[in-house]
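Just need the whole structure built from these sequences, with the hints factored in.
The opening position of the sequence shown corresponds to residue 3 in this note's numbering, with each subsequent residue numbered one higher.
By construction, these hints were calculated from the structure, which means they are not laboratory data. In this text the structure is predicted, and so the values were computed from the model without any measurement. It is possible that some hints are incorrect.
Distance ranges between label pairs, derived from CB positions [what the hints assert, rightly or not]:
1. Asp16 to Gly78: 36 to 42 Å
2. Val5 to Lys96: 18 to 24 Å
3. Lys123 to Trp103: 15 to 21 Å
Straight-line C-alpha distance at most 20 Å; calculated SDA-like pairs for lysine to any residue [said to hold, decoys possible]:
4. Lys40 to Leu119
5. Lys40 to Trp73
6. Lys40 to Glu77
C-beta atoms are modelled at their ideal positions from N, C-alpha and C, and glycine is treated no differently.
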Amino acid sequence: MTVIVVAAVIVSSDGRVLAAQRAEPPALAGGWEFPGGKVDPGEGEAAALIRECREELGVTVSVGARVGGDWPLSEGYVMRAWLARVVSGVPEAKEHLALRWLGPGEYYDVAWLQADLPLMKAVEVLLRQD
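In structure tokens form, the structure reads like this:
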């Protein structure tokens with residue numbers, strides 16, 4: 003059975019994207035990712051994305067278009083990503099070491115986790131089209 007992990011590509015009105023620095027597990031700590039997490043049994047993917055953003059960042063998001071297809075993670079896990087916008091609250095690092103807004107020209111100023119780097123490249127192409 004494949005475990006689905008959702009990722010929020012939170013984009014600000016000026017084209018910056020929110021990156022989150024992992025606190026755990028030790029093998030991933032310090033790496034940068036798009037916030038999100040596992041879909042709970044019986045939970046829809048969009049609902050999981052909204053819940054994860056509330057838990058991890060303290061914000062409410064609106065979920066937009068899906069970015070790409072299935073992004074492979076470790077064995078048995080797949081990531082699915084959506085564009086999102088903050089509709090209430092200000093992102094806080096509740097479960098991460100740090101948060102950082104990255105604008106055009108800064109998207110690769112952080113050490114993206116191996117699974118998130120190709121997603122960032124796809125997001126960059128999408129944002130250039132806007």
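Enumerated hints in conflict with the structure, sorted upward: none
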